[in-house]
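Student: What follows is each chain in one-letter form.
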Amino acid sequence: MAETIQDSEIKEMLLNPQKTEQGFRLLMQRYGKALYWHIRRIVVDHEDAEDVLQETSIKIFRSVANYRGEGKITSWIYRIASNEALQLLRKKAGFFHSIESLSPSLKATLEAQTSFDANRAEVVFQKAVLSLPAQQQLVFNMRYYDELSYEEIAQATGKSVGTLKVNYHYAYEKVKSYLQENL
Amino acid sequence: MEKFENISKQMPYEVSEEYLNNLVSRVTEKAVESGKEKNRGYAPYYWAVSLAAAAAILLFVFIGNWGGSDSRELMAQAESPIDKYLNGLSEEELMQLSYYEVDDELIESEEETEY
Numbered sequence: 001m002a003e004t005i006q007d008s009e010i011k012e013m014l015l016n017p018q019k020t021e022q023g024f025r026l027l028m029q030r031y032g033k034a035l036y037w038h039i040r041r042i043v044v045d046h047e048d049a050e051d052v053l054q055e056t057s058i059k060i061f062r063s064v065a066n067y068r069g070e071g072k073i074t075s076w077i078y079r080i081a082s083n084e085a086l087q088l089l090r091k092k093a094g095f096f097h098s099i100e101s102l103s104p105s106l107k108a109t110l111e112a113q114t115s116f117d118a119n120r121a122e123v124v125f126q127k128a129v130l131s132l133p134a135q136q137q138l139v140f141n142m143r144y145y146d147e148l149s150y151e152e153i154a155q156a157t158g159k160s161v162g163t164l165k166v167n168y169h170y171a172y173e174k175v176k177s178y179l180q181e182n183l
Numbered sequence: 001m002e003k004f005e006n007i008s009k010q011m012p013y014e015v016s017e018e019y020l021n022n023l024v025s026r027v028t029e030k031a032v033e034s035g036k037e038k039n040r041g042y043a044p045y046y047w048a049v050s051l052a053a054a055a056a057i058l059l060f061v062f063i064g065n066w067g068g069s070d071s072r073e074l075m076a077q078a079e080s081p082i083d084k085y086l087n088g089l090s091e092e093e094l095m096q097l098s099y100y101e102v103d104d105e106l107i108e109s110e111e112e113t114e115y
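Chains A and B supply the protein sequences, listed in that same order.
Sequential numbering from 1 applies to the first sequence in my numbering.
Sequential numbering from 1 applies to the second sequence in my numbering.
No lab work stands behind these hints: they were computed from the structure.
For glycine and all other residues, C-beta sits at the position ideal for the given N, C-alpha and C.
Heads up, a few of these hints could be off.
[Unchecked claim] Capping the alpha-carbon separation at 20 Å, the derived lysine to aspartate or glutamate pairs in EDC-like fashion look like this:
#1 B:Lys9 to A:Glu111
#2 A:Lys59 to B:Glu29
#3 B:Lys9 to A:Asp45
#4 A:Lys59 to B:Glu33
#5 A:Lys107 to B:Glu37
#6 B:Lys30 to A:Glu55
#7 A:Lys176 to B:Glu5
#8 B:Lys9 to A:Asp146
#9 B:Lys9 to A:Asp117
#10 A:Lys19 to B:Glu29
[To be verified] Computed, partial: chain B to chain A, Cβ under 7 Å:
#11 Pro12
#12 Glu14
#13 Val27
#14 Val32
[As the list claims (entries may be wrong)] If we take Cβ atoms under 10 Å as the criterion, some of the chain A residues that face chain B in the derived model are:
#15 Glu12
#16 Arg25
#17 Gly32
#18 Tyr36
#19 Ile58
#20 Ala93
#21 Asn119
Could you put the whole structure together from the sequences, leaning on the hints where they help?
Tutor: Encoded structure:
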């Protein structure tokens, strides 16, 4: 996702204490829906996605004071959203289980909340993504759906570009073979 | 098999654009409100901390003075009758007292040598 002039304007507003609120509103207007879908791809359930989006927006607004304008604005907000979404899954998984253990229940939620006219291939595709380990899933979603650059994802996840490329490659291959088996 | 690239990036859920727009504006407003509440929430906290610090300083000064005079009074009350008697003696009388003490010691040592 290329950083446009609007992004830099939003950034300037966020860094100006008198225009923070205005900048935040513009930021949410521009990326609010993308954040919702990013979160929903991770948590699957609509109500959970709403709650996480609310928490994310509160965190973004409150952490504006600590935002120094380093890196891309998308990396910053995607990092907060991803952390919030993963935190919810960790809570659901419980202390003794990993997030990956939630995969079957997330797939079941996906089936239950799928619209009647949904394309079967899209549903299978989502199931394939939900079968991936959390880290690969996150990288795959940000690269494939949100079309973030590896640099942006690196800033959002704190991983190196090389690691992310490997993660994406593995994820891509796994999704491909899942589709071969299930379509 | 359907090709990976041919599958649309659309999610298989039914969420209208209008609903999403409303959701985004709702969460935005709530976030702004909560941010303002947080800032407002700090103001009484700062006041309370300042007042507590001022009260602690005043209390310290007050107790310091009061405690000092009190301790002097207590010391005066704690003086034994012997102390009072000694305080009332002149220097000469005090010298005599110490002379007697020395004398006693001499007597004791003389008694010891008799054996």
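Student: Now tell me if each hint is right for this structure.
Tutor: Hint-by-hint comparison with the structure:
no.: 1; hint: B:Lys9 to A:Glu111; verdict: holds, 17 Å
no.: 2; hint: A:Lys59 to B:Glu29; verdict: holds, 13 Å
no.: 3; hint: B:Lys9 to A:Asp45; verdict: holds, 18 Å
no.: 4; hint: A:Lys59 to B:Glu33; verdict: holds, 12 Å
no.: 5; hint: A:Lys107 to B:Glu37; verdict: violated, 39 Å
no.: 6; hint: B:Lys30 to A:Glu55; verdict: holds, 10 Å
no.: 7; hint: A:Lys176 to B:Glu5; verdict: holds, 10 Å
no.: 8; hint: B:Lys9 to A:Asp146; verdict: holds, 10 Å
no.: 9; hint: B:Lys9 to A:Asp117; verdict: holds, 15 Å
no.: 10; hint: A:Lys19 to B:Glu29; verdict: holds, 16 Å
no.: 11; hint: Pro12; verdict: holds, 4 Å
no.: 12; hint: Glu14; verdict: holds, 4 Å
no.: 13; hint: Val27; verdict: holds, 5 Å
no.: 14; hint: Val32; verdict: holds, 6 Å
no.: 15; hint: Glu12; verdict: violated, 19 Å
no.: 16; hint: Arg25; verdict: holds, 6 Å
no.: 17; hint: Gly32; verdict: holds, 3 Å
no.: 18; hint: Tyr36; verdict: holds, 6 Å
no.: 19; hint: Ile58; verdict: holds, 5 Å
no.: 20; hint: Ala93; verdict: violated, 23 Å
no.: 21; hint: Asn119; verdict: holds, 7 Å
Checked against the numbered hints given earlier, the structure breaks hints 5, 15 and 20 and satisfies all the rest.
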